[in-house]
Amino acid sequence: MLPSIQQWMHESLVFPRRVDGDKRDALLRESPRLAAAQGLAIYQRGYFLRIANCMREQFPALCHALGEPLFDDFVADYISDRPPESHTLYDLGRRFPAWLGDNRPDRDLPPGRREPWIDFMVDLARFERQVFVLFDAPGHEGRPFADPATPDESLRLQPCFDLGAYDFPVAAYYHSVRRNQPLPLPPAERSFAALVRTDYVTRTIALTETQYRFLQAMAEGGGAGDAIAAVARHLGMTAGQVRESWHSSGDRQRWIDWGFFITG
Amino acid sequence: MIADLPRLGLGLGLRSIHFDTILAERPAVDWFEAISENFMDSGGRPRAVIREVAERYPVVLHGVSLSIGSCDPLDFDYLARLKRLADEIRPTWISDHLCWTGVMGLNSHDLLPMPLTEESLAHVGGRVRQVQDFLERPLILENPSSYVRFASSTMEEPEFLRRLAGETGCGLLLDVNNVYVSCFNAGTDPAAYIRAFPCESVVQMHLAGHQNEGTHIIDTHDRPVRPEVWELFRLAWALTGGASTLLEWDGDIPAFADCHAELLKAKDYMGGRFDPRPEGAADPAGSDGLSNPVGFLVPRVMDSAVMEEA
Chain A
0 MLPSIQQWMH
10 ESLVFPRRVD
20 GDKRDALLRE
30 SPRLAAAQGL
40 AIYQRGYFLR
50 IANCMREQFP
60 ALCHALGEPL
70 FDDFVADYIS
80 DRPPESHTLY
90 DLGRRFPAWL
100 GDNRPDRDLP
110 PGRREPWIDF
120 MVDLARFERQ
130 VFVLFDAPGH
140 EGRPFADPAT
150 PDESLRLQPC
160 FDLGAYDFPV
170 AAYYHSVRRN
180 QPLPLPPAER
190 SFAALVRTDY
200 VTRTIALTET
210 QYRFLQAMAE
220 GGGAGDAIAA
230 VARHLGMTAG
240 QVRESWHSSG
250 DRQRWIDWGF
260 FITG
Chain B
0 MIADLPRLGL
10 GLGLRSIHFD
20 TILAERPAVD
30 WFEAISENFM
40 DSGGRPRAVI
50 REVAERYPVV
60 LHGVSLSIGS
70 CDPLDFDYLA
80 RLKRLADEIR
90 PTWISDHLCW
100 TGVMGLNSHD
110 LLPMPLTEES
120 LAHVGGRVRQ
130 VQDFLERPLI
140 LENPSSYVRF
150 ASSTMEEPEF
160 LRRLAGETGC
170 GLLLDVNNVY
180 VSCFNAGTDP
190 AAYIRAFPCE
200 SVVQMHLAGH
210 QNEGTHIIDT
220 HDRPVRPEVW
230 ELFRLAWALT
240 GGASTLLEWD
250 GDIPAFADCH
260 AELLKAKDYM
270 GGRFDPRPEG
280 AADPAGSDGL
290 SNPVGFLVPR
300 VMDSAVMEEA
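Residue numbers (numbering that gives the first Met the number 0), protein chains in the order written: chain A, 0 to 263; chain B, 0 to 309.
For reference, chain A alone in the conformation it holds in the complex (with noise of 0.2 Å):
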């Protein structure tokens, strides 16, 4: 009995459209005050109402840029097609941005017919993924960062870092609603950018594409001198060349200076 009346219930819970109302009032008491109907009810906008709210914490310049009452629509089909499974909240949020690419209104249409605003969309939605999930991600504050003094070879990048290549402006975007002053839906714009948290701040850091490429090859587990060596190779400089650059450019300073590095 217990199981099919935790099925049943779950089920109305993911599914409210099609509770059967007989079953409903065999299985549910009434009350002077509450008929089990409006019993069910409670839980059932609970359990959207919930979720809505953590979506829109985890995602707050997606839901900026909809509106509430659209983001909310995405929000109530992506729960019913991916209920959550995760004892975390943290977790309500991981399959969004693919869900929103594979759920697009304009799926049906070739790639160059599909709407921008939605590509800026699933854009965004994974870029404040990433924001989120790297704000209580296991770091490396109390413990030393590396220093100018460092030697390159030594260089490491440390635990709590991210690196993001996007089709629009999203860190821009996402920024812009941060302090207020919301820009308008962007036009398609390559873009890249560096997320790093140090004592407990999460920090954007737009990058250009050889910055990238550089990041990149030390996310891949390698250090610096693979990493010159990519660019190097990507820029048909030598890695001599490469390493001047990132020296006398003030790149090796600023990222030292973000906490990107830790010695390894």
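Keep in mind the hints are simulated off the structure, nothing from the lab. Glycine included, every Cβ here is placed at the ideal spot set by N, Cα and C. Keep in mind that a hint or two might mislead.
As the list claims (entries may be wrong) - Ranges of calculated distance between the beta carbons of each label pair, as one might list FRET restraints:
hint	chain 1	residue 1	chain 2	residue 2	range
1	B	C70	A	F14	44 to 52 Å
2	B	D302	A	P137	15 to 23 Å
3	B	L78	A	P137	16 to 24 Å
4	A	K22	B	A280	48 to 56 Å
5	A	Y199	B	R55	18 to 26 Å
6	B	R55	A	P115	27 to 35 Å
7	A	P68	B	F75	38 to 46 Å
8	B	E278	A	I117	32 to 40 Å
9	A	S247	B	D86	45 to 53 Å
Go by the hints and put chain B onto chain A.
Coordinates of chain B only, in the frame set by chain A:
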């Protein structure tokens, strides 16, 4: 053994918007209750904060995803994370709810009600014993707020919890506001519930605010405790012999000082004759009451995000 657990006094829920105040001002609060799921997977600031708070104050862990009543198998990965957190911060006790949160591998993130039957009692009792063996400590279980009752139930909640505590040695967390909410919605007497409750097994109590819709009440945890609940607390305080008491405030959370001031009102009800109050006026229509809010468990990540000029 629950009889060995201390009386902690008056405590507050540990909320992220109060972290800075607590660490900087070291307020004169007796203890804190931390939501286990907020900290067990944390690699960032929350974990660092709870370590620091636990060095200065007694802390208890209160979970919302143990799902002790579910027909899904116990999640031993979850329990292992909980145990690791407990080994680190040494909570005075660990609690959760008499409820289930999901089946079929899903989590509703709500505290869903149990039919109160012999089948449920045997099922939950077996799982409580497994959890207590794994955690190597007694589990403390809370009465949830409810909006439905099952036709198959063969006993009332106080009897169910009395038998559960007797058979497993678990402790109980008596949520006075939940008693009020559930009894109002069921059309039953909350004072009779408290008098029937196994108060000898109560380790802790909860207090919170609720939203009165007129026809029913929603357990919103987002406003001061209502006078009728305070009066019920007076009865519960007397019958539990002064169990550790905590104020939960989970929605529209005010400044720390305001939460603390609300908690300290409990001292006005630690004695005197129980004088039950009728339910007060309904709250204004149109407010969007949400039972068991969890939004406070999701950090406002954007607030700690900055864009550096490259």
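Right, here's what the structure says about each hint:
1. For the pair C70 (chain B) and F14 (chain A), the supplied restraint of 44 to 52 Å is violated, since their beta-carbon distance comes to about 19 Å.
2. For the pair D302 (chain B) and P137 (chain A), the supplied restraint of 15 to 23 Å holds, since their beta-carbon distance comes to about 21 Å.
3. Roughly 21 Å separates the CB atoms of L78 (chain B) and P137 (chain A), a value that falls within the hinted 16 to 24 Å.
4. Against the hinted window of 48 to 56 Å, the Cβ-Cβ separation of K22 (chain A) and A280 (chain B) comes to about 37 Å, which falls outside the hint.
5. A C-beta distance of roughly 19 Å is found between Y199 (chain A) and R55 (chain B), which places it inside the suggested range of 18 to 26 Å.
6. One distance hint, 27 to 35 Å for the beta-carbon pair R55 (chain B) and P115 (chain A), is violated here, with the actual separation near 53 Å.
7. Against the hinted window of 38 to 46 Å, the Cβ-Cβ separation of P68 (chain A) and F75 (chain B) comes to about 41 Å, which satisfies the hint.
8. Range check, E278 (chain B) to I117 (chain A): about 49 Å between beta-carbon atoms, so the 32 to 40 Å window is missed.
9. Evaluation of the 45 to 53 Å hint for S247 (chain A) and D86 (chain B) yields a pass: the beta carbon distance comes to about 50 Å.
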